[in-house]
Structure formats: structure tokens, C-alpha cells
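Start from the sequences and build out the full structure, keeping to the hints where you can.
Protein chains in written order, with the working numbering: chain R, 1 to 461; chain V, 1001 to 1339.
These are calculated hints, taken from the structure and not from any lab test.
Where hints are given, some of them may not hold.
In silico BS3-like cross-links for lysine-lysine, where the CA-CA straight-line distance does not exceed 30 Å [what the hints assert, rightly or not]:
(1) 174/R <-> 1271/V
(2) 174/R <-> 1181/V
(3) 1096/V <-> 442/R
Small disclaimer: the values here were computed from a predicted structure and weren't measured.
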Amino acid sequence: MPQILMPALSPTMEEGKLAKWLVKVGDSVKSGDVLAEIETDKATMEVESVDEGVVKELLVAEGTEGVKVNTPIALILADGESAGAAPVAQTAPEPAEAPLVPAEKAAEAAPSAAAVPAAPKFEAQNDPDLPEGVEMVEMTVRQALNEAMAEELRRDKDVFIMGEEVAEYQGAYKITQGLLQEFGPERVIDTPITEHGFAGLAVGAAFAGLKPVVEFMTWNFGMQAIDQIINSAAKQLYMSGGQVTAPMVFRGPNGAAARVAAQHSQDFSAWYSHVPGLTVIAPYSAADAKGLLKAAIRSPNPVIFLENEILYGSTGLVPKVDDFVLPIGKARIARKGADVTIVSFSMGMRYATQATEKLVAAGVDVELIDLRTLRPLDSDTVIESVKKTGRLVTVEEGWPQGGIGAELSARVMEQAFDYLDAPVLRVTGKDVPMPYAANLEKLALPNVGEVVQAVKTVCYK
Amino acid sequence: MARKATATKAQTQPNVPQFSNEQDLEAFREMLLIRRFEEKAGQMYGMGLIGGFCHLYIGQEAVVTGITMASEKGKDAQITGYRDHGHMLVMGLDPKGVMAELTGRQGGLSKGKGGSMHMFSNEHKFYGGNGIVGAQVSLGAGLAFAAKYRGDGSVSLAYFGDGAANQGQVYETFNMAKLWKLPVVFIIENNKYAMGTSIERAAATTDFSMRGASFDIPGEQVDGMDVRMVYDAAQRAIEHARSGKGPFILEMLTYRYRGHSMSDPAKYRSKDEVTKYRQERDPIEQVRARLLENGVVTEDDIKKIETEIRAIVTEAADFATNDPEPDASELWTDITIEA
Ligand SMILES: Cc1ncc(C[n+]2csc(CCOP(=O)(O)OP(=O)(O)O)c2C)c(N)n1
Ligand SMILES: [Mg+2]
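Have a look at this one:
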């Protein structure tokens, strides 16, 4: 015999008031007929019958408060059922006996540590071995990025580039120079100033199998599109149970530029590194810029590729091989050392490198690590280094709270606490919006002196 | 199927509205101040005294001048993007404070912390000075919301570019502005280019005065090189907003003579196009010619005005060059208010 149960009006409702019965014993009801009204402190709802039959009994009196969800409140005698077939007392359990939540569910609600499977560990590959005597070509980061895109556009017809001023203007910072001429306007596409719109459009195109490279004129303007990046691109694979992917790259200059003030000068590294589903890359050298951008374009995941305007013109040696692709998720040890570990990435590496030169000259044997990828973060390389040196200084341009340095510091504390000879120190941008005035801007940014000082502090010198 | 256009598109008045001699003189002075100020700023940028981005208003002077002349100074709020120096000058802000902000000195309107793109004045109801393309549109509607909420009878004047007109938040704002009858005038400064992108390459429809059509917001296309036309249209639009009828869109057909910012490859348009505007449509030359033609002033009078304006600009430049940088302690001030 069908029971009518006290329904839940919301996922958090545990009990409610049976405000009013709209049927009485003996009434015939059809599905859809309103049987009763129930109330909580938040809402009122009508309880409809889903069965046909005759009301056999009302188990809870009108006006009763605190009726638990799932408690039987009435019995309906289905058509053809005889009233005597099932005595009420046997079929309707006492309300008090009905468990509010089934036992299994209760366990779910309060998970024990053991119930959560361990997160799988990301295993990064090593950089490919370069052929003996390979020619190294000096080029700017700008050229390296440009070559990476040109090569991937040549290699894969599904790759296309879109963004503001990327085509006819040749890129606001000339990173896409010449691409329109070689690949044409179907594959190198100027957009209106519509970041949220074209980022979303590109994510949709990626769902459908294309491989968009979206250029944000700067990442400051990418903030207009951050919803599509995080809510659509980053979560799609998970939300679809692994069916729909967003193989794409969002790229552009990130971090402080020169004298462009608060809205145009900020570092989003920590922001994007926070988000599962994204891959975040922030290269420093020209070779890494090339090898990692190629890897990013080939990645089946949405990749945030953080460039730096000030580094665009800096030069480095890039191996001249047919297809120079670097592994995502692998830090690079820029200098081996035994006394102290400095970890940085992107523009921070410039301060860290210069500080390292000074410190080495002063007799401090620095190990310098360039993270290159921020998610997945190569903790192993950092932890191994810290186990050796016992000291860690992190360097980044972004704000201190919740930054990359803060994350590294936590991981080192969790995984190498016993090896530490000094507290981890962070050198970061100051905790202020970027000022315009030349003197204040200088103060707001990290500098070589601060890195040297932090290293001396952790070395107790 | 016949489709009724919901927005009325008024044609620019065939008979040019006339200015009184006083109005012509006022417009001439204001526009000349902007022109000379901007030329000086360009020069100082070249000398390394101004850094970062610096967007000059040269060529567009009639827009902000005509609008401001039609507004109630000190009562109506104004807000724009990063091409903002002219707005402040016409609204009566001290040229010294504007120039010192460009050089990042303590006497700048934002104490040197904001720079060219970020200047504000509560007193003059100028709300910037906004670097993110399109942001000022919804902010401007917010100023109008406050005006209506308080019933203070003021109007908000929100300026944005032809490029900004393609941002999504513009249309979200149009909808709310009409829905809630906000006293706001949207002024689209159509200078034909957004950086290096012409309107034809970025906009599916290039008549920006009709962009409010689906929200039933009336719009008008105006010759933004003729300060009288700007003034006349602004008067009607502001009156419309002030009287409780809701938003109005003014598309100002204008032109910028200089590059988008200081570094600009200028390959996206022809030199001829720029020359043509300068020679045939210049907003300041139009007024100068009229003043002389009507015998309001003599060449000597004009020279005198020019000398006065130059003196103001020179004084501003000197101040902005010699004023000290902000004190280092300013790094940590103005972030949040200690409650
Ligand atoms: C959200 C955002 N995207 C991109 C930019 C970079 N940007 C600054 S100005 C500009 C062009 C704007 O053109 P328009 O709106 O026509 O104004 P104009 O410069 O012509 O006055 C662009 C793309 C920005 N500041 N903000
Ligand atoms: Mg424009």
C-alpha cells in the first residue's frame, strides 16, 4: 500500500510543519491532486499525490511541527487493493523509527580520512636529450613564441589564433608577427574588444575539437573572460565525466609592465594556479618559451600560458632541432648548489639570477630552480633540493597572500620539515596595487637586493 | 513582415544650431587648452617625463567641450576611459594637477599613484580615468542609479569608444538603464578606430547610435567635430535623461589625429585621411574662423588668447616637472580605510 512521505523542500531541510490537510480519509485521489501543505521557515509547498486510490489514513495530524523528512504522513489505498490486505500498523513504521538518513549516506556526510582516495601523483618527464653538437640559435623570447605558434599552425590544421590586434596589426606586442601573412585570416583572427565573448567562443570551438590559441592583449583583460576560463574550460572534462575536452591555450603578457599603473600591471600566476583542470605555464628563457608553448598547443587540456612583456625582448639560446617540445610540469635546475635553494619563475627569475650571481661571488653556493610550470607544480625537484640545502627562498612578482611562494612554503613544511635549517622566506611584490609614480613602482616590485638579503637571512649571515 | 523600429533615430539637425559669441569664445578657449595641453604632454612623454601609456585627445576636443557646456558643472557626473585628460580640463580641474599626475608627482590629482589613465575628482564629480575598456559604461549607469536613488536631479555622462561599444557589459548596462529609467547619457566617441582596428573590421553594424534599439533607447548620430552640434544634441539628450525618460545614446562622429597611445605604428590608416580631417574638419579651426568672420575678435585677440593658454600649459608643465615624487610612505597608504 503506497505511503505518502514527508517531502524535503530543499537539500538542507531536515524537518517541517504539516500545515494543512486538503484531503480526508475516504477521499479518492488521482496523481497530481494536492494532498497537504507543508511549511518550513523558508518556504511553503503543496504535497501532491503520485498515486491513484483512496485515502486510507492520515498518520500525522494537521498543524504538527517538526515532522522529519521521509516520515510517512498518509496511506493511500490503491485501486483494487483491499483495505484489510495490509494492516496499517504493520506497513507504516513509527515515525521515530524511520532513520533520517540511511546508514550509508550518514557515512558519506562525515567522510573519514581513509574514505578519500589519495590524489594521483603527476609524473613529469625530463627534458629531451638534445643531439650531440646541436646548433644553438640566439633569439628573443618574442621570436621564440612566434616560432612556436608558426610551427604548430603548420603542423596541425585545427590550431588557430584569435585575439585583439593579432592579425593585421601583427600583435599589440608583435608576438603574432607574420602569422596572418602565412596562415591567412581564417586561422589568424582579429576579434572585437570582447574578451568574455571570444574566450567563450574559443572554448566552444575547443569542445567541438578545434585547438584555439587565444591571445589576451594582456592578462589584465583576460579578467573579463575569467568566468569562461574557469567555469567552462577548466571544469568541462570533469563535469562531463571525461567526455568533453577543451584543448586550448590562453596566452598573453602577465605581470608588471612598466609605468602602466594598477589596472595594467599585475601578476595572475597564483590566481590560475589555484584551479584544478587548468595547466599553468610561466616561462623565463627563450628556449622554455618555445618548447613549452609548443607543448601547450599540443596539450589536450586548457593551458594558461603566462608571458611577460618585459621579457619579450630578452634573448637566449634555442636549440635548432626539427621539433623542440619540452615537458609540461618539470622544473629546471638553473644552477646546482649546496647551501640554499632559490625558487622562482618568469620575471622573478631575472631577480633570482642576478641575486645568485652576487651570492655565488660572495661564496654562497646557491641552487637556483626555475619552476617553468606552476600547475602541475614540480614539488619533487624543490623538495629534493631543500632536503640537500635545508634553506628556501622563493621569488615572485605577485602579491604575497596565497602566492606561489606561500604554496611552496606549505609543501616544504609538509614534506621536508625536518630538513629545514631556517624558515622559508618569500620575496614578493608588495601587498599593494601597482602605483604609477616611478619611485613607488620601484618599491612595489621585488628587487635583487631583497633576494640577496633573504638568502643571507636564511643562511644566518 | 513589417518590423517596427523601436528606437527613434533622429537625424542630425539640417540647420546648424547657432552659438552666441560668448559660447564660441568659451568653446574656443576650452578646446585650445586641451589641444595645447595634449601637445605638451606628447612632448613631455618624448622627454621621458611621462611613462607607460598616454592617450591623447587631440582631434576630439569638441566632444567633451560641447557636452560639458550643455551639462551642469559640479552637478552632473562624468566618467570615461583612459583618454581622459581633456575631460578633466574642461570640467575645471587644475591643469597643474592633471599634468603632475602624468609625471607621477605628489601634486598630481591622484598623488602620482594613478597616472594618465587614472584621475578622479569627487568635488567635480569626475569618476575617471578607467583603464579597462567598457568598465566605465556600467560604472556610469551606477552613478545615474545613485542620482535617481537620491533624487538629486543630476545626470551621468558616460563616455566610451567605438571599440568599447562591442563589450558585453555595455548591453547589460543598456538593458538596466532603460528598465530602470536611469538618468544617463551614453556618449560613444566614434573616432573610427580602436587601436589599429577600424570600426568596419570590428562591428557588425557601425551605426552606433542604433545600438540601444532593442532596448528602446533613443540614439542620435552627431557631427562630433562641430562643437555647436555636440552642444545642441547634448542639451536634448541631457534634458531627456534629467526629465526622467531614461537613457539616451549620442554617437559622436569624431577623429583622433595622434596614435592610439604614444607608440602606434599608424599603418592602419592613411596619412591622407588624417590630413583631411585636420585640414577640413578641425574643431578648433572651425570656431576660430567663425570668430574672425563674425568680427567677434581680431587676429590680435586670438593671439592674446593663445598666449594665455600657452602660459597655463607652461605653468602646468613646469609644476609637473619640478614637483617631487610622492613620499615613499605613500606606497602603503590608500589601500583600505581603517575603520
Ligand atoms: C578589457 C580591455 N581590453 C583591451 C584593452 C586594451 N585596449 C586599450 S584601448 C583599446 C582600444 C579601445 O578603442 P576605443 O574604445 O575605440 O577607444 P579609443 O581608444 O578610440 O578612444 C584597447 C583594445 C583594455 N584596456 N581593456
Ligand atoms: Mg575608437
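Results for each hint:
no.: 1; hint: 174/R <-> 1271/V; result: holds, 22 Å
no.: 2; hint: 174/R <-> 1181/V; result: violated, 44 Å
no.: 3; hint: 1096/V <-> 442/R; result: holds, 24 Å
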